[in-house]
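Protein chains in written order, with the working numbering: chain A, 1 to 218; chain B, 1001 to 1388.
For the record, the hints were derived by calculation from the structure and aren't laboratory data. Any given hint might turn out to be false.
Claimed, not checked - Just the calculated beta-carbon pair ranges, DEER-fashion:
{"#": "1", "chain 1": "A", "residue 1": "66", "chain 2": "B", "residue 2": "1019", "range": "30 to 40 Å"}
{"#": "2", "chain 1": "A", "residue 1": "30", "chain 2": "B", "residue 2": "1116", "range": "50 to 60 Å"}
{"#": "3", "chain 1": "B", "residue 1": "1021", "chain 2": "A", "residue 2": "67", "range": "20 to 30 Å"}
As the list claims (entries may be wrong) - Covered by chain B, according to a simulated footprint, are these stretches of chain A (three or more residues, beta-carbon under 8 Å):
{"#": "4", "region": "114-127"}
{"#": "5", "region": "132-146"}
{"#": "6", "region": "206-217"}
Cβ coordinates follow ideal geometry from the N, Cα and C atoms, glycine included.
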Amino acid sequence: MQGLQSLIDYMSQRVDLIWESTLTHLLYIGSVFVVGTIIAVTVGVLVRHRPVAREIALGIASVMLTIPSLGLFVMLIPLVGIGFWPPFIGLTIYSLLPIMRNTVAGLSSVDQAVLESARGMGMNSRQRLWRIELPLAWPVIITGVRVSVLLISGIAAIAALVGGGGLGDFINDGLTRIPLPGSLEAIWTGTLLIIFLALLIDSLFLLFRRATTPAGIR
Amino acid sequence: MTPTEPMIRLEAVEKIYPGSDIPAVARLDLEIMPGEILVLVGPSGCGKSTTLRLINRMIEPTSGHIFFEGEDVTNVDADQLRRKIGYVIQQIGLFPHRTIAENIATVPRLLDWDDDRIESRVDELLTMTGMEPSIFRSRYPKELSGGQAQRVGVARALAADPDVLLMDEPFGAVDPIARDRLQNEFLRLQAELKKTIVFVTHDIDEAIKMGDRIAILQEQSVIAQHDTPEAILAGPASKFVEDFLGAGATLKGLNLMRVREVEVDDMPTVVAPTSREQVLQTLDSSGSDWVLYLDEKRMPRRWLDRRSLDDVEALSGAGREVNAFVEPEDTVRDALEIMLHSTAGVACCVKPDGTYRGVIRLETLMALIADLQRQERDKQAAVAAASS
């Protein structure tokens, strides 16, 4: 109980700081979500009829996910300096695999008869993609995006180590000050807020998926 | 275009798939006349579907030319060409994320029709295919039965009023009874619309029923015989055709004969509103065991006999329900099947609007079959006598 009280005290004394770090964290998640989705869906669409290219793209995305995040962020520093960019680029790289994999899976699950009839009625390949394939693959794609966003909202904590800010700052700060007073509270603050943020985003995605899935395939 | 010019003409069309030496379709010449239903029929793997798909260039020919209303379309933009040709496939391929109205509006939208015109066209097509627009317009494909989905598939293919319709086993995925219904509806529709139709099936009975002309295909889409159903049944051109027609050409002939050509018998009827006394009087005066009860709209509802009049409040619930209906456009074979299913031995013949026309007795059909068989035997005897 005492621990909880001291955590609440710690947080209430730093509302502005918490707010600022949360916004930075959200900035990472939001920008990576947009850029990662665009890249991964585009690649997924481009490789959907090319089995070899598909395996190569998914293979590269898988390998990227195995690079230790701290290592990746640090390696990016000589290229883009410290601050926002190393975490942004690193997180974008991590975000690709789940979205790409689900884009490919979603597109290949579209009924062949539906595509055949679309083509037979004179839809060109662009019209088929935008009017038929993407809407039908959408629920699967959005699930990939959701997994991806959850993944990066955790990894984004590492941004603090390369001067990128975000809620990881609290964890980093706590770690460096152990066993000084307030160090555990800092770690708890960062961790709990990241979890809370992830859960919040996850439920928003559920609502978003429901709202954007066409009624006929719900 | 002169009236005798074919709507579609294939000239030495050949399809060889990459990596294969044997053509899937070998130098095919085929003419399809305006307003006719040409059925391509043959065993599986004969290339009939490939042939159909060459016409709207879903498959590009390796060589040869395709003419559409006299114009060579072998090299025009395939998407533009397909918007002018209706296309129905067995699995239908309705777009599951779009409503029925949106599905039907597909080609008109591609052609940039304005919204009002699309809306009224959708309603017109739904009505035409027997689906109430106010009910079905905003439904989704998953809410439809197989037969309804098939109707929507046809409506969608007809949406932009194409002159030509390509149909690849369109009724292959529905149960036999629903298939008969759909075939009859389609023939009735075609009698009004007079489209040029190429229809693929593997079922010779369906081919005989649907086709104005039939092209029987053997391997590599080589035409074994191309003629009217009557002519093919009367004179198969080769052993292959004979084998494909199979035994019982007589029974196949039942596919050619329509119910409207068969004599219907009268049956004593009573029309609602009526009374027990009226029914009894009708039974007495006609000497029949049964009397047919028609509702206010003259639709046959119940078979009534003396016994069924006891202990019953309303006549509309008495006796046996009428469950065997045939329409003028049904083939005699359909009628026979319907009777066998209903075990009634007599079927009510109704007009397209469902009102009573007469009854057809099993005996009538049996006599007809016996007659056809006698003719067949005589013909074979004559052939045998001539060849000996």
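Checked hints:
Separation of residue 66/A from residue 1019/B is about 38 Å and conforms to the stated range, judged on CB atoms against 30 to 40 Å. The hinted window of 50 to 60 Å between residue 30/A and residue 1116/B is violated, with their beta carbons roughly 42 Å apart. Here the CB-CB span from residue 1021/B to residue 67/A is close to 50 Å, at odds with the stated 20 to 30 Å. Residues of the region 114-127 of chain A lying with their CB closer than 8 Å to a CB of chain B number 12, which satisfies the three-residue condition for coverage.
A count of 3 residues in the region 132-146 of chain A with a Cβ less than 8 Å from any Cβ of chain B is obtained; the coverage claim is therefore met, three being the minimum. Coverage of the region 206-217 of chain A by chain B holds in this model, with 4 residues showing a Cβ closer than 8 Å to a Cβ of that chain against a need of three.
The structure is inconsistent with the numbered hints 2 and 3, although it conforms to all the rest.
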